[in-house]
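Undergrad: These protein sequence lines map, in sequence, to chains A and B. For reference, each letter of the first sequence is one residue, going 1415 to 1634 in this note's numbering. For reference, each letter of the second sequence is one residue, going 1083 to 1624 in this note's numbering.
Think of the hints as simulated: they come from the structure by calculation, not from any bench. Quick caveat: nothing in here was measured; it's all calculated off a predicted structure. C-beta atoms are modelled at their ideal positions from N, C-alpha and C, and glycine is treated no differently. Hints should not be assumed to be uniformly reliable.
[Stated by the list, open to error] The calculated SDA-like cross-link candidates involving lysine to any residue, where the alpha carbons are at most 20 Å apart (straight line), are: (1) 1208/B / 1603/A; (2) 1376/B / 1387/B; (3) 1535/A / 1209/B; (4) 1560/B / 1571/B; (5) 1603/B / 1571/B; (6) 1600/A / 1208/B; (7) 1222/B / 1504/A; (8) 1209/B / 1531/A; (9) 1600/A / 1485/A; (10) 1376/B / 1354/B; (11) 1476/A / 1354/B; (12) 1342/B / 1397/B; (13) 1483/A / 1177/B; (14) 1483/A / 1383/B; (15) 1120/B / 1485/A; (16) 1197/B / 1535/A; (17) 1209/B / 1497/A; (18) 1449/B / 1366/B; (19) 1208/B / 1504/A; (20) 1354/B / 1383/B; (21) 1093/B / 1497/A; (22) 1120/B / 1392/B; (23) 1374/B / 1571/B; (24) 1354/B / 1385/B; (25) 1560/B / 1527/B; (26) 1197/B / 1557/A; (27) 1208/B / 1485/A; (28) 1093/B / 1531/A.
[As the list claims (entries may be wrong)] Label-pair restraints from in silico Cβ distances: (29) 1484/A / 1128/B: 18 to 26 Å; (30) 1555/A / 1176/B: 50 to 58 Å; (31) 1115/B / 1460/A: 56 to 64 Å; (32) 1583/A / 1124/B: 38 to 46 Å; (33) 1210/B / 1588/A: 25 to 33 Å; (34) 1158/B / 1483/A: 47 to 55 Å; (35) 1325/B / 1588/A: 14 to 22 Å; (36) 1210/B / 1463/A: 53 to 61 Å; (37) 1124/B / 1536/A: 32 to 40 Å; (38) 1128/B / 1483/A: 52 to 60 Å.
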Amino acid sequence: MASATDSRYGQKESSDQNFDYMFKILIIGNSSVGKTSFLFRYADDSFTPAFVSTVGIDFKVKTIYRNDKRIKLQIWDTAGQERYRTITTAYYRGAMGFILMYDITNEESFNAVQDWSTQIKTYSWDNAQVLLVGNKCDMEDERVVSSERGRQLADHLGFEFFEASAKDNINVKQTFERLVDVICEKMSESLDTADPAVTGAKQGPQLTDQQAPPHQDCAC
Amino acid sequence: MTQEINLNSLKELEREVILQVLYRDREVQNVEEERIRKLKTHLQHLRWKGAKSTSQEHREQSCARCQRVLGVLLNRGAVCRGCSHRVCAECRVFLRKTRAWKCTVCFEDRNVKIKSGQWFFEERAKKFPMEGNHETAGAKLLQSYQKLSKISVVPPTPPPHSENQCERAFGYKLSSPDILKSLHQEDPKHSPGPVLEQEDSPSSPAARPLFSEGLRHESLISINSTSTEMGNFDNTNVTGEIEFALRYCFRTHSLEITIKACRSLAYGEERKRKCNPYVKIYLLPDRSSQGKRKTRVQKNTVDPTFQETLKYQVDPGQLAARQLQVSVWHLGALTRRVFLGEVLVPLATWDFGDSATQAFWYPLQPKAEKCEDSRSVNNGELDIRAKLVLPSGPRPDQEAGEGTEDQPSLDGQLCLVVLGARNLPVRSDGTLNSFVKGCLTLPDQHKLRLKSPVLKKQACPQWKHSFVFNGVTTSQLKQSSLELTVWDQAIFGMNDRLLGGARLGSKEEPAGGTDSCSPLKLQWQKVLSSPNLWTDMTLILH
C-alpha cells in the first residue's frame, strides 16, 4: 500500500545525518496481527483496513526526540508467514529491541507468543529488549484474549506489556517510546558495567532522567 | 497462491519487492557509516591533540589532554580512571548526578560508543563472537543476491512485464528464499563459492603502461613496490581499529612504531570467515621495499595482538616531510593479500617531545583516494640542458628518414646534459642512490635508451651527465618523445625504485595536463627549431 510515497518519505528521512544515534527495532508476530498497520500508524499516522500480506521484510525510518537526544529508528516490519522465516530471522541479530505482537481477537496468535519468544532467544543478542503488544484492542466485542492473560504471559517471559490499537491509535507511540527507553537503559547499563570509572554510579551521563514526562508535542 | 504457476510468478515479484527494500536499507546504512566515520575521526583528532601539542620538558608534570603544566601543591591534577593519565581540572567531565568524572578523551570515547552503536556490537559479540560489526543482514542478502544473479551492481529494476523476461534478465530463476540461503552460516553447505567483489580487482596498477594515459602518480610508484601494493583493495568493508604507539629518539635518530593490537577487523575472506592479519608500514612518500616494515602474521583472528616494535632511522629534519602509513592486510592462500584498512599519520604535526610512549586506538580507514593531493603528484624537479646538433648545411628531411643506421654522421644528434635533481622523494635517511634513464622513442617505435651513472648517498644529486642520441633528424624528433626517469638504485638485487619521470615531445596528451606543460612544450620546440644552441629546462617529475 502506498509504496511509492513511502519510499520517498523514507528517502528524505534516511539521508538525514542529524541525529545522535540509531536504534534498530524489529516487529514480529503471527500473520495478520497488525504489525504493518502498527508501523504505518506510528511512522505515517495512517491506517488502512485492507489486509496486504508483507513480502519478506520492509522497514521505515523515523527520527524522534527523546531524553534530549535525537534518535533515529529503523523499524523493521517482518512477514508473519512461515515461508519467510529464513529471511526474517536473519534480521534478529541486528535488532536492539523487539515488538512481539499478537491479536487480542485471535487465540492462535496469542498461543504463538511463546514460540516467537524462543526465536528471539535463539537468534538475537542476550539483552534483547522485548515489548509484548496485544493489538486490535478497539475490537472489544471480538476479544478472546483477556488483558490479564496478556499481562501474565508478559510477566512470565520478562517482557513489558501493552494493549494497543493501530486503528484507533491507542498506545502506539507509547509502545515505541517505551521500547526506546528500555534500550537506552540497557545501553547505559552495558557501558557502565564495562567501565570502572563509573561503577557505583547507577546511571550514565546522558541517559538519566528516563522518566521525564513524554514530549507530547515533539516533532515525531 | 493455490496454483504452482501463480506461486512462481509471485516469487519473481517478491524478489523485486525485497530487493527494493534492500536497496533502501543500503542507503540508510551508507548514511550511518558516514556518520560513524565522522564521529571516530573527531575522537581521533581529540586524542592526537593531547599527544602532539606538548612542548614540555619530560620531567615536568603536565595535563595529558591540554598539556598545561601541573603544579606541585596547587592544581596538581588527578588521574583519570578511564585512561590512567593525569589531567588538570579543566579537562574533566563530570558525569551527571555523580561525583565521578572522566577526562575529555575518555568521555568522548564513551560518547562515540553510544552514538555509533558500538556498545551494542560489543554486547552482541558476547553471544555471536564471529559476527562482523556493521555487516547487516541486508548487506549479506544483497551480496548473495548479486552473486547468484551474476550482476555486479544491480540498480533497482522496474517490475518485469512477463516471467520470461525476468528470467532472462537475472540469468537464474530464483525464489526469494533461495536468495537467502547463504545467510545461514550455521549451514556450511552454503558457504563456499567465490567472494563476489574480490575476483575482479581492477587495481593492479603495475600492469598499466608507464606513460599511457597521462602521468599517473599511483602507477609510477607502484611499479617498484614488489607485490606489496598488489593486494586487493576492493574489500570495501573496512572495520575495526588498530592500536599503536610512536616514539622518536632524538639522540639515536630512531623512530619506533610499536604495533600493539587490532580489534574487530573485517574478515580477509568473508565467505570462509578467515583472517590472517599482519601490519605493514611505510614512511611515505618512500614506498620502496627498503622502507617497508612488517609484523608477523597472526593466524585466524580478527582481534590480533602483535606487540612488535618496528624501527626506522630517520633524520629529525626528515620527519616533517613524512607520513606514517600503517596498513593492515590479510594473508590468504597462495599469498593473496587483502587490504583490511589503514591509518595515515602525518608526522609533521606529531610532537615527539613527549618521550612517554603512549598507545592509541585509531579507526581503520579505507584506502585513501588516489592522487588525493595535487602536491603529491610532484616528485621533484629535474634540471636538464638540451641541444640539437645538426651537420652544417641544410639537408632535405625526407632523405634523412632513411638509412639512419648506415650514415649516422650525416644526421643530427640530440645532446642532453642531465644536470641534477631536487626535491626527490628520498629514503628515510634523507638520501638516495639515484640515476637517470633516458629513452627516446622514434616515430617507428624504435627506442634509444641511455643511462647515467649512480650517484650514491645524495638527496640532491648533480650528475652533470651527457646523453647523446645519434642519428636523428629534426622531422623525426618532432614526432618522437623523450622520457626521462629518475631511479633509486636498490641494494641486493631488488627492483630499483622509480622516483619520478617526465616526458618531452609529441605524445603529450591533453589529459597529461597541457596547461602545466605548455612552457615546457615551447622550450622543447625551441630546442628543435634552433639547432646548435643550448636550452635549459626544468622538468617536473611525476
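Undergrad: Now tell me if each hint is right for this structure.
TA: Verification of the hints:
A hinted pair counts as satisfied when its Cα atoms are at most 20 Å apart, and residue 1208/B with residue 1603/A qualifies at roughly 15 Å. At most 20 Å may separate the alpha-carbon atoms for a hinted pair to count; residue 1376/B and residue 1387/B meet this at roughly 14 Å. With a C-alpha separation of about 11 Å, the suggested pair residue 1535/A and residue 1209/B falls inside the 20 Å cut-off, and the hint holds. Among the hinted pairs, residue 1560/B with residue 1571/B is inconsistent with the structure: their alpha-carbon atoms are about 32 Å apart, more than 20 Å.
Simply put, residue 1603/B and residue 1571/B have alpha-carbon atoms about 30 Å apart, too far for the 20 Å limit, and the pair is violated. For the given pair, residue 1600/A sits about 15 Å from residue 1208/B by alpha-carbon distance, which is consistent with the 20 Å threshold. As the CA atoms of residue 1222/B and residue 1504/A are separated by approximately 9 Å, the hinted pair is consistent with the 20 Å bound. A threshold of 20 Å between alpha carbons decides the hint, and for residue 1209/B with residue 1531/A the separation of about 17 Å falls inside it, so the pair holds.
For the hint pairing residue 1600/A with residue 1485/A, the CA-to-CA distance comes to about 15 Å; that is within 20 Å, so the pair holds. Under the criterion of a C-alpha separation no larger than 20 Å, the hint pairing residue 1376/B with residue 1354/B is inconsistent with the structure, at around 25 Å. Taking the CA atoms of residue 1476/A and residue 1354/B, the gap is near 36 Å; set against the 20 Å cutoff, the hint is violated. Between residue 1342/B and residue 1397/B the alpha-carbon distance is near 25 Å, which puts this suggested pair outside the 20 Å criterion.
Only pairs whose Cα atoms come within 20 Å are accepted, and residue 1483/A paired with residue 1177/B is accepted, the gap being roughly 17 Å. The hinted pair formed by residue 1483/A and residue 1383/B fails the criterion: a straight-line CA distance of about 36 Å is larger than 20 Å. Between residue 1120/B and residue 1485/A the CA atoms are separated by roughly 17 Å; this keeps the pair inside 20 Å, and the hint holds. Restraint check: the Cα-Cα separation between residue 1197/B and residue 1535/A comes to about 26 Å, which exceeds 20 Å; the hinted pair is violated.
Annotation: proposed proximity of residue 1209/B to residue 1497/A is violated, straight-line Cα distance about 27 Å (limit 20 Å). At roughly 14 Å between alpha-carbon atoms, residue 1449/B and residue 1366/B fall within 20 Å of each other, so this suggested pair holds. With a C-alpha separation of about 18 Å, the suggested pairing of residue 1208/B with residue 1504/A holds against the 20 Å cut-off. Under the criterion of a C-alpha separation no larger than 20 Å, the hint pairing residue 1354/B with residue 1383/B is consistent with the structure, at around 12 Å.
Between residue 1093/B and residue 1497/A the CA atoms are separated by roughly 11 Å; this keeps the pair inside 20 Å, and the hint holds. For the hint linking residue 1120/B to residue 1392/B, the alpha-carbon distance of about 29 Å lies beyond 20 Å, and the restraint is violated. Distance hint between residue 1374/B and residue 1571/B is fulfilled; the C-alpha atoms sit about 16 Å from each other, no more than 20 Å. The straight-line distance between the Cα atoms of residue 1354/B and residue 1385/B is roughly 17 Å, inside the 20 Å bound, and the hint therefore holds.
Between residue 1560/B and residue 1527/B the alpha-carbon distance is near 13 Å, which keeps this suggested pair within the 20 Å criterion. At roughly 42 Å between alpha-carbon atoms, residue 1197/B and residue 1557/A are farther apart than 20 Å, so this suggested pair is violated. With a C-alpha separation of about 25 Å, the suggested pair residue 1208/B and residue 1485/A falls outside the 20 Å cut-off, and the hint is violated. A distance of roughly 29 Å separates the Cα atoms of residue 1093/B and residue 1531/A; the hinted pair therefore is violated under the 20 Å criterion.
Between residue 1484/A and residue 1128/B the C-beta distance comes to about 22 Å, which sits within the given range of 18 to 26 Å. Against the hinted window of 50 to 58 Å, the Cβ-Cβ separation of residue 1555/A and residue 1176/B comes to about 56 Å, which satisfies the hint. The supplied range of 56 to 64 Å is broken by residue 1115/B and residue 1460/A, whose beta-carbon atoms lie about 31 Å from each other. Restraint check, residue 1583/A to residue 1124/B: a C-beta distance of roughly 40 Å satisfies the suggested window 38 to 46 Å.
Separation of residue 1210/B from residue 1588/A is about 31 Å and conforms to the stated range, judged on CB atoms against 25 to 33 Å. For residue 1158/B and residue 1483/A, the Cβ-Cβ distance of about 36 Å falls outside the hinted range of 47 to 55 Å, so the restraint is violated. Distance hint check for residue 1325/B and residue 1588/A: the Cβ-Cβ separation is about 44 Å, which falls outside the suggested range of 14 to 22 Å. Roughly 40 Å separates the CB atoms of residue 1210/B and residue 1463/A, a value that falls outside the hinted 53 to 61 Å.
Under the hint 32 to 40 Å, the C-beta atoms of residue 1124/B and residue 1536/A, about 38 Å apart, fit the expected range. The supplied range of 52 to 60 Å is broken by residue 1128/B and residue 1483/A, whose beta-carbon atoms lie about 21 Å from each other.
The structure fails hints 4, 5, 10, 11, 12, 14, 16, 17, 22, 26, 27, 28, 31, 34, 35, 36 and 38 (numbered hints given earlier, in ascending order).
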